[in-house]
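In the order they appear, the protein sequences are chains S and V.
Just so we're aligned, residue 1 is where the first sequence starts under my numbering, counting upward by one.
Just so we're aligned, residue 462 is where the second sequence starts under my numbering, counting upward by one.
None of these hints come from the bench; they were simulated from the model.
All C-beta atoms, glycine included, are put in the ideal place defined by N, C-alpha and C.
Just to be clear, a hint being listed does not mean it is correct.
[Stated by the list, open to error] Computed, partial: chain V to chain S, Cβ under 10 Å:
| no. | residue |
| --- | --- |
| 1 | A473 |
| 2 | M550 |
| 3 | I556 |
| 4 | F614 |
| 5 | D647 |
| 6 | D680 |
| 7 | A683 |
| 8 | V685 |
[To be verified] Okay, the calculated beta carbon distance ranges per label pair:
| no. | chain 1 | residue 1 | chain 2 | residue 2 | range |
| --- | --- | --- | --- | --- | --- |
| 9 | S | W413 | V | D463 | 55 to 65 Å |
| 10 | V | V666 | S | D322 | 55 to 65 Å |
| 11 | V | N742 | S | N160 | 16 to 26 Å |
[Claimed, not checked] Not everything, but these chain S residues come out facing chain V in the computed CB check (under 10 Å):
| no. | residue |
| --- | --- |
| 12 | E73 |
| 13 | E75 |
| 14 | N79 |
| 15 | A232 |
| 16 | G233 |
Chain by chain, the residues run as shown.
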Amino acid sequence: MDELLLARWQFGITSTYHFLFVPLTLGLSLLVAMMETVYVRTGNELYKKMAKFWGKLFLINFALGVVTGLVQEFEFGMNWSEYSRFMGDIFGAPLALEALTAFYLESTFIGIWIFGWNRLSKGLHAAAIWIVALASNLSAFWILVANSFMQAPVGYVLRNGRAEMNDFSALLTNPYVWNQFPHTVLAGLVTGGVFVMSVSAYHLLRRSQVEFFRPSFKIGLICTLAASLLVAGTGHKQAQYLAEVQPMKLAAIEALWETADPAPFTFFAAIDSAKQENSGEISIPGGLSLLVHNSLTGEVKGIKNLQQESEKQFGSGSYVPDVPSVFWSFRVMVAAGGWLLAVTALCAYYWRRGTLEDKPLLLKAAVATLAVPYIANSTGWYVAEAGRQPWIVFGLQRVEQAVSPTVSATSIWMTLIGFTIVYGVLAVIGLYLMGKFAKQGPAAPAETTESVEGKGVELWT
Amino acid sequence: MDLSVIWFVLVAVLFIGFFFLEGFDYGVGVLLPYLGRNDDERRLIIGSIGPVWDGNEVWMITAGGALFAAFPHVYATLFSGFYLALFLMLVALIIRGVGLDFRSKQPGPVWRSTWDWLIFAGSLVPALLWGVAVTNLIKGVPIDAKMNYVGTFFDLLNPYTLAGGAAFLLVFVYHGAAYLTLKLEDDLAQRARRAALVIGCFTAVACLVLVGLTYVNTDLFASVGAGISLWAAVGAFLLSYLAMRAGRTGWAFVGSGLAIVLTTATFFWGLFPRLMVSSLNPAWSLTVANASSSPLTLKVMTVAAGLLVPVVLLYQAWSYWIFRKRVTLRDLEY
Numbered sequence: 001m002d003e004l005l006l007a008r009w010q011f012g013i014t015s016t017y018h019f020l021f022v023p024l025t026l027g028l029s030l031l032v033a034m035m036e037t038v039y040v041r042t043g044n045e046l047y048k049k050m051a052k053f054w055g056k057l058f059l060i061n062f063a064l065g066v067v068t069g070l071v072q073e074f075e076f077g078m079n080w081s082e083y084s085r086f087m088g089d090i091f092g093a094p095l096a097l098e099a100l101t102a103f104y105l106e107s108t109f110i111g112i113w114i115f116g117w118n119r120l121s122k123g124l125h126a127a128a129i130w131i132v133a134l135a136s137n138l139s140a141f142w143i144l145v146a147n148s149f150m151q152a153p154v155g156y157v158l159r160n161g162r163a164e165m166n167d168f169s170a171l172l173t174n175p176y177v178w179n180q181f182p183h184t185v186l187a188g189l190v191t192g193g194v195f196v197m198s199v200s201a202y203h204l205l206r207r208s209q210v211e212f213f214r215p216s217f218k219i220g221l222i223c224t225l226a227a228s229l230l231v232a233g234t235g236h237k238q239a240q241y242l243a244e245v246q247p248m249k250l251a252a253i254e255a256l257w258e259t260a261d262p263a264p265f266t267f268f269a270a271i272d273s274a275k276q277e278n279s280g281e282i283s284i285p286g287g288l289s290l291l292v293h294n295s296l297t298g299e300v301k302g303i304k305n306l307q308q309e310s311e312k313q314f315g316s317g318s319y320v321p322d323v324p325s326v327f328w329s330f331r332v333m334v335a336a337g338g339w340l341l342a343v344t345a346l347c348a349y350y351w352r353r354g355t356l357e358d359k360p361l362l363l364k365a366a367v368a369t370l371a372v373p374y375i376a377n378s379t380g381w382y383v384a385e386a387g388r389q390p391w392i393v394f395g396l397q398r399v400e401q402a403v404s405p406t407v408s409a410t411s412i413w414m415t416l417i418g419f420t421i422v423y424g425v426l427a428v429i430g431l432y433l434m435g436k437f438a439k440q441g442p443a444a445p446a447e448t449t450e451s452v453e454g455k456g457v458e459l460w461t
Numbered sequence: 462m463d464l465s466v467i468w469f470v471l472v473a474v475l476f477i478g479f480f481f482l483e484g485f486d487y488g489v490g491v492l493l494p495y496l497g498r499n500d501d502e503r504r505l506i507i508g509s510i511g512p513v514w515d516g517n518e519v520w521m522i523t524a525g526g527a528l529f530a531a532f533p534h535v536y537a538t539l540f541s542g543f544y545l546a547l548f549l550m551l552v553a554l555i556i557r558g559v560g561l562d563f564r565s566k567q568p569g570p571v572w573r574s575t576w577d578w579l580i581f582a583g584s585l586v587p588a589l590l591w592g593v594a595v596t597n598l599i600k601g602v603p604i605d606a607k608m609n610y611v612g613t614f615f616d617l618l619n620p621y622t623l624a625g626g627a628a629f630l631l632v633f634v635y636h637g638a639a640y641l642t643l644k645l646e647d648d649l650a651q652r653a654r655r656a657a658l659v660i661g662c663f664t665a666v667a668c669l670v671l672v673g674l675t676y677v678n679t680d681l682f683a684s685v686g687a688g689i690s691l692w693a694a695v696g697a698f699l700l701s702y703l704a705m706r707a708g709r710t711g712w713a714f715v716g717s718g719l720a721i722v723l724t725t726a727t728f729f730w731g732l733f734p735r736l737m738v739s740s741l742n743p744a745w746s747l748t749v750a751n752a753s754s755s756p757l758t759l760k761v762m763t764v765a766a767g768l769l770v771p772v773v774l775l776y777q778a779w780s781y782w783i784f785r786k787r788v789t790l791r792d793l794e795y
C-alpha cells in the first residue's frame with residue numbers, strides 16, 4: 001500500500017476510535033451534571049448516588065477519550081504535514097482555542113470533581129461537573145468549526161499557496177457549523193441517554209436495585225426520546241443545507257446519478273459505480289424533492305452533471321466520492337435513528353402504563369440498543385468525511401496533496417499497527433471495566449476505592 | 462513588537478508551564494514503583510498527582526495547538542519529522558493516562574503492579590524524549606529547502622541529544638521527588654527526600670554534561686543572555702539540592718522548578734529567532750519570519766491567549782489550593 005492510503009487508514013481508525021468516546025462524554029457529562037444539580041437542590045441522596053454511579057462510568061469513558069484525543073492533536077502534523085502548512089492559519093486557530101477555552105477547563109475541573117466530594121461545598125462541586133460538561137461541548141464546537149471549514153470554506157483568501165484567514169467571525173458563523181454542531185451535540189445526548197437507559201434496563205430486567213434504576217431509566221428514556229427526535233430534525237435540516245453547499249455529497253448519499261425533477265427518494269439500490277447507474281432500486285417518486293425542497297417537485301442535481309461542473313471549475317479528474325459506501329452508511333445511520341425512536345417510543349408507552357417491567361423482550365431490546373447510537377455516530381461521520389472526497393478541504397485541497405511527503409510507508413505501517421494494537425487492548429480493558437461497574441450497580445461494595453488496609457502487600461521489593 | 466515574536470514567547474511560556482507542571486508528574490510516575498513499597502503507598506503516590514495531572518497535561522496539548530496556529534510550518538515539520546519519536550511518546554502518554562485512572566479500579570496485585578510499571582514507563586519515555594526533542598531543535602536536524610525533515614529516527618539520537626534526554630529525565634525525577642516531599646506524610650515524605658538526594662547527584666552530573674555538550678554542539682552561547690540563563694539554571698538546581706539536604710523541601714521544590722523554567726527559557730532564547738535549526742543550510746531553518754501564520758490569525762490568537770491564559774493560571778492555582786494538604790488514605794479516589 002502507498003503512503004496516502006496508509007495515512008488515510010490511520011486517520012480513519014484513530015479518529016473513529018476517538019469518536020467512540022466523545023459522544024458519551026458530551027451527553028453523559030450533562031446528565032451527571034443534572035443529576036447532581038437535583039441532589040443539590042433537593043438534598044435527595046438518591047441523586048447523589050446517581051451522580052456518583054453514572055459519574056464513575058463516565059470517568060472510564062472520559063479517560064479513554066482524553067488519551068485518544070492526544071493522538072488527534074498531533075496526527076495532522078505527523079501524516080498530513082502539507083495539509084497543516086496549507087491550513088495552519090485556519091485549522092490551527094480553532095484547535096488552539098479548543099485547548100485554551102475547553103481542554104484546560106475540562107481537565108482541571110474533572111480533577112476537582114473526582115477528588116473534591118469532601119472538600120468543596122455541594123454547590124461548588126456540582127458547578128465543577130457543569131463546567132466539565134459545558135467545556136466538553138464547547139470543545140466539540142471548536143473542532144466542528146475546524147471541520148466545517150474543510151467542508152465549506154469561508155472567511156479565507158488564498159495567498160502564497162496557503163489558505164489564510166481574512167475573517168474570523170465568518171469561521172464562527174459558517175452555516176455548516178450551525179448545522180453540524182446541534183446535530184453532533186444532540187447525538188451526544190442520545191448516546192448518553194441510551195447509555196443510562198440500557199444499563200438501567202439491564203438491571204430492571206434482573207429486578208436488581210430497582211429503586212435506583214427505575215428513576216435512572218426514566219432520565220435516560222426522556223433524554224433519548226427528546227434528543228433523538230431533535231437529532232432527526234437537525235439531520236433533515238442538514239441534508240437540505242447539503243443540497244446548497246455540497247450537492248455532490250447529497251447526490252452520493254442518494255446514489256442519484258442523473259439530475260432529476262422531481263427527484264425520487266431511494267430506499268435501496270444496487271449501485272454500479274463503474275457504469276454510473278443503479279441496476280435496480282426501490283424508490284418513492286418525488287421523495288427526494290420533497291425532502292430537499294419541501295415540495296413534490298424541484299430539481300436535485302445528479303452525480304454526472306456535478307462531475308461535469310467540477311471538471312469545468314477545477315480541471316479534469318474524478319470528483320465523485322465512493323458512492324456505495326456513502327449511500328449505505330447513510331441508510332445505516334437513518335435506520336439506527338429509526339430503531340432508537342421506535343424502541344424509546346415503545347418503552348415510553350409501556351412506562352406510562354406502568355407495565356414496562358413486565359415486558360422482558362422490550363427491556364432486552366433496550367439493553368441491545370446500547371450499540372445503536374455508536375453505529376449511528378460512526379456511520380454519520382463516515383458520510384460527512386467520505387462524502388467530501390476527493391477533497392480534504394472542499395474545493396481547495398485534495399487528499400493526495402495533503403499527505404506528508406517525507407514520511408515513509410514503513411513508518412506509517414509501524415504506527416498504524418502500533419496504535420491499532422494499543423487501541424485494541426484498551427478497548428478490551430475499557431469494556432471490561434465498564435461492564436464490571438455497570439453490572440455491579442451502585443450497591444456493590446466499593447472494594448476498589450477502599451484500600452486493602454494494613455495488609456502491606458509487597459508488590460515490588 | 463511583531464506578533465510572530467510575541468507568539469514565539471507565548472509558545473515558550475506554554476512549554477515552560479508544561480515542563481514545570483508535567484515535569485513533576487513524570488517524575489512521580491517514574492518514582493512510583495521504587496518509593497511505594499505496598500499498595501497503599503502507591504495509591505498515595507498516585508493520589509498526590511491525581512487531581513492535577515490531567516490539567517497539567519493540557520499544557521502540552523495547548524503548546525501543540527499553539528504551534529499549529531501560530532507556526533504551522535513548525536507543527537508540520539516537527540511532527541512529520543520526529544515521527545516515530547512522537548509515536549512512542551503518544552503511546553507512552555496513552556498508557557500512562559489510562560494507567561493512572563484504571564490502576565485502582567480493579568483489585569489484584571498482578572493487575573495493579575502491571576499498571577504501576579506501565580505508569581513508570583509511560584512517564585519515563587516522554588520525559589526522556591522531550592529532552593531529546595528540545596536538544597535536537599537547537600542542535601539542528603536535516604531540514605531541506607522545502608522545510609521537510611529528511612533524516613531518520615536514528616538521526617535524532619546522538620551523544621548530545623541523549624545527554625539532553627538523560628538530563629531532562631533526571632531533573633524531572635528530582636522535581637517529582639521534591640513534589641512528593643510536600644504532598645506525602647511522614648515516612649513516605651522522608652523516603653522521597655532521600656531519593657531526591659541520591660537522584661540529585663546524578664542530575665547535577667547530567668546537567669553539567671549537558672551544559673558542556675551544549676557549548677560544543679550548538680551556538681546557544683553565542684547569545685550571552687542565554688548562556689547566563691543556562692548557568693543560572695544550574696545554579697538554581699544546586700541551591701535546590703542544598704535546600705533538600707537541609708530539609709527545606711519547599712525551597713528545594715521551588716529551586717528545581719526554577720531550574721526547569723530557566724532551562725526551557727534558555728533553549729528558546731538560544732533558538733530565537735529560529736524554532737528549528739536546519740543542519741543542512743542555516744538559511745533553511747524555520748524562523749518566526751518564515752514559519753508563522755498570517756497576521757490576522759496571530760492577532761485573533763493573541764487576543765484569545767491574552768485573555769485566557771491568566772484565567773487558566775487562576776483556576777489551576779485554585780485547584781492546587783483546594784488540594785494543598787498532604788495526601789492521606791482518606792482522600793483517595795483512584
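Failing hints, ascending? 1, 5, 6, 7, 8, 9, 15, 16
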